[in-house]
Amino acid sequence: DGGITQSPKYLFRKEGQNVTLSCEQNLNHDAMYWYRQDPGQGLRLIYYSQIVNDFQKGDIAEGYSVSREKKESFPLTVTSAQKNPTAFYLCASSGAGHYEQYFGPGTRLTVT
Amino acid sequence: EDQVTQSPEALRLQEGESSSLNCSYTVSGLRGLFWYRQDPGKGPEFLFTLYSAGEEKEKERLKATLTKKESFLHITAPKPEDSATYLCAVPPGNYGGSQGNLIFGKGTKLSVKP
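Listed in order, the protein sequences are those of chains D and E. At position 46 of the first sequence the residue is numbered 661 (the numbering used here), and the sequence of numbers has no breaks. At position 50 of the second sequence the residue is numbered 67 (the numbering used here), and the sequence of numbers has no breaks.
So here's chain E without its partners, still in its complex pose:
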């Protein structure tokens, strides 16, 4: 069964304390992995797409990496404004779902204290 699991569920950091969020996936034939940021009461905001193992993408203090089984979202020297829930998602594998649909993890809620 296609599955996306994010850990930890919640992460509290002090401002400037770097850390990583994990997204592990089990799908046959990965066709992309997507990271989103969601602020409370708002819709998810698209951050990154990763397609192949070894690929990396960066945006400000965020860097996303991909292996054959998982993706990491590294947050370097975070600021309070980085506080949000971070979601990852993948399309269903070769034998499941309709093209275009995404399977979402439950997210990691990040809190950065000043």
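Same shape as in the complex, but just chain D:
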């Protein structure tokens, strides 16, 4: 059953700690994306990767980092430099030559 998995569903951290969110896909998609969703703000692009070992900053990359060592995996690290990290994080992927993106179930991160 093809799809995108994100783990964990809920994550709690103390301020000042780095945290890594997992995203895995078995759709054989080349491109993967990370979005942040806040109430009333819509989806905002954090980072994206069109191919393994390459990634680009999105609109709100400050305080985040990513890696793309495998086609199936695109983990996102929320660093202590991110000023307001509490949010709902969504991972997505798309196939080569296709614009439609398919989303994972999301991870809700709460930092206190």
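Derived from the structure by calculation, the hints contain no laboratory data. Nothing here was measured: the structure is a model prediction, and the numbers come from that model. Careful, some of the hints might be misleading.
Here are the simulated lysine-lysine pairs, PhoX-like style, with alpha carbons at most 25 Å apart [to be verified]:
(1) E:Lys76 <-> D:Lys624
(2) D:Lys624 <-> E:Lys59
(3) E:Lys123 <-> D:Lys624
(4) E:Lys85 <-> E:Lys59
Given chain D, put chain E in place with the hints provided.
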């Protein structure tokens, strides 16, 4: 500047009361318009892709249409289970963004009361 605007922000309907959601866009060289459904606390679920003006797609009680400036998501005789936030998105225009990225509207939150 490429932009996607959805209206209304929120829509309350009675069960069976048909209505439409609007997605207007300003991009140069449209390369597709996408509709998604998002339930609370979940990731968006892909619904439709529209590529050219005049195109229509249907799924159960939903029908999406596209003109040169906007798209409509028509909901016929909605049921409570249609309650969700509906998002539309387009790729950036010819002179902006990287291929594959999408510009999302802020969504319309639909509530259908029994």
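Margin query: Hinted pair, alpha-carbon criterion (25 Å max): lysine 85 of chain E, lysine 59 of chain E. Please report holds or violated.
Written below: Violated, because 31 Å separates the two Cα atoms, which is more than 25 Å.
Notebook entry, point to check: Is it true that the CA of lysine 123 of chain E sits at most 25 Å from the CA of lysine 624 of chain D?
Noted result: Holds: lysine 123 of chain E and lysine 624 of chain D sit about 23 Å apart, inside 25 Å.
Next item on the list: For the pair we were handed, lysine 624 of chain D and lysine 59 of chain E, check the Cα-Cα distance against 25 Å.
Entry: The hint holds at about 10 Å.
Check: Is the Cα-Cα distance between lysine 76 of chain E and lysine 624 of chain D 25 Å or less?
Finding: Not OK: lysine 76 of chain E and lysine 624 of chain D at ~29 Å, beyond 25 Å, violated.
The structure shown violates the earlier hints numbered 1, 4.
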